[in-house]
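Colleague: Chains as they are written, first to last, in numbering that gives the first Met the number 0: chain A, 0 to 316; chain B, 0 to 308.
Derived from the structure by calculation, the hints contain no laboratory data.
One thing to keep in mind: the hints can contain errors.
Claimed, not checked - Restraint ranges, calculated between C-beta atoms of paired labels, are given here: (1) W75(A) x R121(B): 40 to 46 Å; (2) R211(B) x L47(A): 33 to 39 Å; (3) I48(B) x D219(A): 37 to 43 Å; (4) R211(B) x A312(A): 28 to 34 Å; (5) P215(B) x T78(A): 51 to 57 Å; (6) W71(A) x P245(B): 27 to 33 Å; (7) P161(B) x S183(A): 38 to 44 Å; (8) P215(B) x T66(A): 48 to 54 Å; (9) V39(A) x E196(B): 28 to 34 Å.
Where a beta carbon is used, it is the ideal one built from N, C-alpha and C, also for glycine.
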Amino acid sequence: MSTRRAERQRIRRLTEPEAAPGGVNLPRWFWPSFTLPGIVWLLLFFVLPLYTVIAIAFGTVDPVLRTPIPVWQPWWWTTSHMTEALDKAFGIFSPVYVRTFLYVVVASAISLVLGYAVAYFVARHTSRRKRALLLILLISPFWISYLMRMLAWINLLQPEGYVNEILTFLHITPEPIGWLEGRSITVILGLVYGYIPYMILPLYAFLDRIDQNVLEAGRDLGGSPVSTFFRVTLPLSRPGILASLVIVSLPMFGDYFTNTMLSGSPNTTMIGNLIDDSINTTGQQAEAAVLILILMVILIVPIWYYLRSTAKAAEAR
Amino acid sequence: MSQATAERATAGATDEPRAARRRASWRRNPWRKPRILEAVTWAYLAWSIVPLTVAILISFNDGRSNASIQGGLGFTWWWSDPDSLFKDPELQSAIFQSVRLSVATMLIAVPIGVAFAIGLDRWRGRGSGAANFTMLLSFVMPEIVLGVAMFMVIAFVLTFIPLGTWAQVVGLVTYQVSYPVIIVRARMLAIDKQYEEAAMDLGAPPRATIRRILIPLLSPAIFASFAIVFADSIDDFVTVRYLSGPATSEPLSVKIYNFSRGSPTPAINAAATLLMVATTLVVVLGYLGYRAATRGQRREGVQGLAGQI
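Generate the whole structure from the sequences, applying the supplied hints.
Modeller: Structure, rendered in structure tokens:
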């Protein structure tokens with residue numbers, strides 16, 4: 000692996016000489032200097048904050064003010080916050096972790112099935128003009144805020160809202176249902192509604208890129224449409240499916256606002272709510288830092304997958 | 000193979016019974032119209048759009064309810080009622096705070112991001128990989144992680160930055176800076192290097208080449224970045240909420256979040272609708288800028304823009 004990379008770099012050096020045409024020799028620092036403001040910004044406001052979270056998670060707490068004191072040196076770290084949080088994670092909070100997993104898995108699965116169908120239709124079965132219209136409609140949630148979209152469901156799902164009105168009018172339920180009073184189904188609906196646009200677009204982009212000739216080959220070799228789909232299209236779109244699953248499940252794991260807006264009940268608390276509650280409480284901020292670390296450990300595999308696949312895609316270009 | 004030719008190929012068998020023919024064409028022609036998929040797609044679109052339409056209509060409700068329209072439509076909760084969006088001093092100041100934060104974020108994040116993308120595209124040495132990795136990591140990090148981390152560093156370490164507008168701008172820029180980088184890098188891959196080489200061959204110094212060749216070629220991506228960063232930061236409430244100080248530093252998005260859990264008046268719907276109108280306007284402007292900047296080039300319209308997101 001490393002020798003191959005070294006070889007690639009050597010070839011790149013040989014084929015792309017540093018000297019620009021026209022005899023202008025740019026100094027070595029010329030292009031890197033463009034990234035300097037960004038690098039300084041990211042170091043100061045991205046890397047340092049992340050390290051601060053670690054330093055607070057393994058740090059101490061001011062005995063009087065109850066504010067966390069970050070400990071920067073790993074050799075002086077204390078693990079008391081960590082053990083306390085892990086005790087809770089396997090004790091009173093374990094339903095919260097299980098629930099978060101369940102919600103994210105169910106919501107991602109629904110998003111995938113529905114999103115794949117929509118993306119497949121738009122990529123495969125539409126004329127150019129219709130596709131432009133459909134794409135505008137599919138992109139629109141990107142600039143309509145998440146809050147607006149949750150607010151819309153708060154309006155609709157209230158006891159005297161339109162959903163209950165229709166349900167009671169059709170005699171499906173005798174009395175209005177309290178959708179917003181701590182029901183898992185409402186929170187999952189909110190998650191799907193909130194994050195499915197982020198799934199459809201990458202899936203669409205991916206399906207659009209699949210070579211039609213491959214599908215025709217599958218058909219020519221005697222495959223039925225169904226078997227062509229399952230044996231050609233679906234395997235070819237696997238990387239796209241995985242990438243879009245990562246794209247929606249990462250923010251779902253850190254979501255707390257869908258839950259507070261559509262339920263607000265402890266019956267549907269997610270990990271994000273634990274973090275949000277403790278960050279707002281003096282004396283519990285160290286716990287918030289630990290919870291962030293736990294969340295990061297859970298998410299490290301999908302994040303790693305995402306970074307690796309984008310690196311691969313960049314190399315392929 | 001286009002749909003038309005495929006249909007012509009199967010149209011020959013006219014004397015078969017219709018149902019059998021349809022079944023046969025279904026087997027033979029995989030590019031036939033899939034009615035079920037089409038129905039699913041339109042049902043999905045209806046599901047995604049109808050609730051928003053209802054929410055917008057409720058902002059024009061004359062009654063106090065935010066669940067159903069009572070007593071006709073009007074601008075009661077936009078500007079007539081003392082508690083309406085444009086009359087309530089709290090909401091008024093929130094509007095200005097929203098605009099302030101997103102304009103400041105846009106003006107800082109886009110230049111940093113564009114320069115970062117240009118540098119990263121050309122820099123072939125050690126360190127470029129790490130810079131790229133860090134940038135991508137900030138892109139995928141769930142917002143709650145970033146928001147909490149920013150809050151902690153500003154509240155307990157960089158205490159010279161007060162919580163409030165400054166902290167919010169810093170947080171938003173960190174969260175948004177990766178968008179211009181990704182959009183501009185995609186464009187960098189698409190543009191031909193020979194324009195720059197020609198300019199340099201004609202004796203243009205590097206600076207002039209960047210200013211007069213590279214930046215104009217990148218302008219569609221830069222327009223798109225401005226629009227996306229503005230639209231995304233005016234809607235942001237996770238990072239901004241953790242970094243807000245006094246109540247006056249809370250923008251409209253945070254107010255909507257805070258009020259939505261009580262029993263809000265339609266003024267909150269009006270606020271959300273206003274945000275939607277603002278972002279739609281900016282996105283349309285960005286798109287027009289994108290079109291103007293790609294005039295005469297081979298472009299893919301909406302699909303090109305969609306591909307860049």
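Colleague: Taking the hints in turn, state whether each one holds.
Modeller: Here is what the structure says about each hint:
Checking the proposed 40 to 46 Å range against W75(A) and R121(B) shows it holds: the Cβ atoms sit about 43 Å from each other. Judged by the Cβ atoms, the range 33 to 39 Å given for R211(B) and L47(A) holds: they are separated by roughly 37 Å. Between I48(B) and D219(A) the C-beta distance comes to about 40 Å, which sits within the given range of 37 to 43 Å. Between R211(B) and A312(A) the C-beta distance comes to about 32 Å, which sits within the given range of 28 to 34 Å.
The hinted window of 51 to 57 Å between P215(B) and T78(A) holds, with their beta carbons roughly 56 Å apart. Look at W71(A) against P245(B): about 30 Å separates their beta carbons, and that is inside 27 to 33 Å. Between P161(B) and S183(A) the C-beta distance comes to about 40 Å, which sits within the given range of 38 to 44 Å. Taking 48 to 54 Å as the suggested C-beta distance range, the pair P215(B) and T66(A) conforms, at roughly 51 Å.
For the hinted restraint 28 to 34 Å between V39(A) and E196(B), the CB-CB distance of approximately 31 Å keeps it satisfied.
Of the numbered hints given earlier, the model fails none.
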